[in-house]
Amino acid sequence: MINILAYIDPGSGSLIFQMLIASLMGMMFLFRKFFTAPLNFIASIFRKRKTRRK
Amino acid sequence: MNQHYTKQHRDLSSFRDPAGYIFYHDNEVYRFISPDYYEKYKNFKTLGLYQELLDKGYLIPFEEIQEESLAEGKALIIKPSKIPFISYPYEWTFSQLKEAAKLTLDIQKIALKYDTQLKDASSYNIQFIGSKPIFIDTLSFEYWTGDISWRAYKQFCQHFLAPLTICSFCDPRVKALFISNLDGIPLDLAKQLIPKKAYLHPSRFLHLWLHERFQKLKPLKQHLTQQTLSNRKPSSAAYGLVESLLSSLKHMKRKEEKSVWKTYYQGDSYQEEAFKEKKNILEKLLSNLKPKVLWDLGSNEGFFTEAISKHSQYAVAFDFDLTCIEMMYNRLRNQRNETILPIHMDLANPSPGIGWDGKERKGVIERGPCDVAMALALIHHLIVSSNIPLNKLVEFFKNICRDLIIEYIPPFDPKFKQICQTNPLDFSFFTEEMFVEAFSKSFVMKSRIPISQSSRVLYHFQSKGDQT
Numbered sequence: 001m002i003n004i005l006a007y008i009d010p011g012s013g014s015l016i017f018q019m020l021i022a023s024l025m026g027m028m029f030l031f032r033k034f035f036t037a038p039l040n041f042i043a044s045i046f047r048k049r050k051t052r053r054k
Numbered sequence: 055m056n057q058h059y060t061k062q063h064r065d066l067s068s069f070r071d072p073a074g075y076i077f078y079h080d081n082e083v084y085r086f087i088s089p090d091y092y093e094k095y096k097n098f099k100t101l102g103l104y105q106e107l108l109d110k111g112y113l114i115p116f117e118e119i120q121e122e123s124l125a126e127g128k129a130l131i132i133k134p135s136k137i138p139f140i141s142y143p144y145e146w147t148f149s150q151l152k153e154a155a156k157l158t159l160d161i162q163k164i165a166l167k168y169d170t171q172l173k174d175a176s177s178y179n180i181q182f183i184g185s186k187p188i189f190i191d192t193l194s195f196e197y198w199t200g201d202i203s204w205r206a207y208k209q210f211c212q213h214f215l216a217p218l219t220i221c222s223f224c225d226p227r228v229k230a231l232f233i234s235n236l237d238g239i240p241l242d243l244a245k246q247l248i249p250k251k252a253y254l255h256p257s258r259f260l261h262l263w264l265h266e267r268f269q270k271l272k273p274l275k276q277h278l279t280q281q282t283l284s285n286r287k288p289s290s291a292a293y294g295l296v297e298s299l300l301s302s303l304k305h306m307k308r309k310e311e312k313s314v315w316k317t318y319y320q321g322d323s324y325q326e327e328a329f330k331e332k333k334n335i336l337e338k339l340l341s342n343l344k345p346k347v348l349w350d351l352g353s354n355e356g357f358f359t360e361a362i363s364k365h366s367q368y369a370v371a372f373d374f375d376l377t378c379i380e381m382m383y384n385r386l387r388n389q390r391n392e393t394i395l396p397i398h399m400d401l402a403n404p405s406p407g408i409g410w411d412g413k414e415r416k417g418v419i420e421r422g423p424c425d426v427a428m429a430l431a432l433i434h435h436l437i438v439s440s441n442i443p444l445n446k447l448v449e450f451f452k453n454i455c456r457d458l459i460i461e462y463i464p465p466f467d468p469k470f471k472q473i474c475q476t477n478p479l480d481f482s483f484f485t486e487e488m489f490v491e492a493f494s495k496s497f498v499m500k501s502r503i504p505i506s507q508s509s510r511v512l513y514h515f516q517s518k519g520d521q522t
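For the protein sequence lines, the chains are A and B, in the order given.
Okay, so the first sequence: first residue is 1 according to this note's numbering, each after it adds one.
Okay, so the second sequence: first residue is 55 according to this note's numbering, each after it adds one.
Among the clues, some could well be false.
[Claimed, not checked] Sample of chain B residues facing chain A (criterion: CB under 7 Å; computed from the structure):
no., residue
1, Gln-62
2, Leu-66
3, Asp-71
4, Tyr-112
5, Ile-114
6, Lys-208
7, Gln-209
8, His-265
9, Ser-290
10, Tyr-293
11, Gly-294
12, Glu-491
13, Lys-495
Just so you know, these hints were derived from the structure itself, not from any lab.
Don't be surprised by glycine CBs; every beta carbon is placed ideally from N, CA and C.
Work the whole structure out from these sequences, hints included.
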């Protein structure tokens, strides 16, 4: 157990709201991670090839 | 041998966070880390959080000075690098606030990797060294708690997302609301100012519009008693939230407003030769004065500030035209300049002291005095457009600087005549003799240098209390 030195009011409405959108945020993050990252990786390979040719 | 640090000169803005506070000793800045936070600080350091932030240039560099054993436990004093000039969000342009927002989110992203979080996301935790934003609150980190929420989420929206959206879609001058709202712009107020088209972006709709709808919910008991929670790893939702906030900032541009002054250097105002000559005179004066901190008052786009900045360690450029300061900041940011800070301020209405006791955020005069103040083509604006009497101007300059480089512009100068057109008063009384006489009451005249091909004269005055 840890002690939290929180001195600002996080706003209960904001906390509840975050809990409600958490699954959406999580899905978006995972989507980006598993789909965007490999696409960027492939794109970077092509970019490297192009620069090598130059 | 341990030095004794008297912590009596505590910074007046450093009292809310029980983790520690800032104090001054022998003109240096120190941060006291209280026994409450000591273990956390050591742990975060061991984890490598601070090192990564320092390596990336995100966190202000600091050194550990002295450990102290108090009755409550161990405490520590650290010495952070000194910020040459403290500025506040109501003095920043849209781009400065956006850079500060991006830095806050980048830091939160790194903090999550170490199972920690920013416990606050206040814009006052960011300062600028020239054009570079830097995070100054070393004690702003906290363990990630057992729930899935970022505790500073609301504060981030109030300090960054809401004001940036207003500046982007409504009017950039609305940032002045920071003065009356110490903890950022309340979401219900922001909602009234933000036009509907801003919500076409799903992230902004979510974090501003929908988020605001939840603000009226009454606190639930479980949220008020979340003081002790087990330490857990942040879920993908925590990372997703930061990514989503970052995406809401993307492509957000400042709303363009009309500016008379961005074309000031175009047209007949400054002939190239006169400009060069003025620059040479200033360089000569400043190379002798070698100021640590120079304030350029009424800097316009800062061409003079930049031209002569090599003669001062740090320069702050003030102007009341938001467009000019925005253009200047973007230019300096592209150059990665770390010695000139552009600040938006109306000198006829300078930033006041705000917050608790009116001292939490200092007024601009309390942030001085500077070594050298420069007022080029400024004084006639204050006298004519703002109706400030000359003796009051002298008093103002006396309070803010040791040396003053000021340009006298006679009433028959075309630019003087131009601004007099809308003022019914007669300003022909503003002679050079009168100007010198007024300043001589508080300053000693060191040099008088007329600018050839113009009727203008540059004066170097030194405050009577600081004669060398």
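Honestly, which of those hints from before does the structure not fit?
Structure breaks hints 1, 2, 4, 5, 12, 13.
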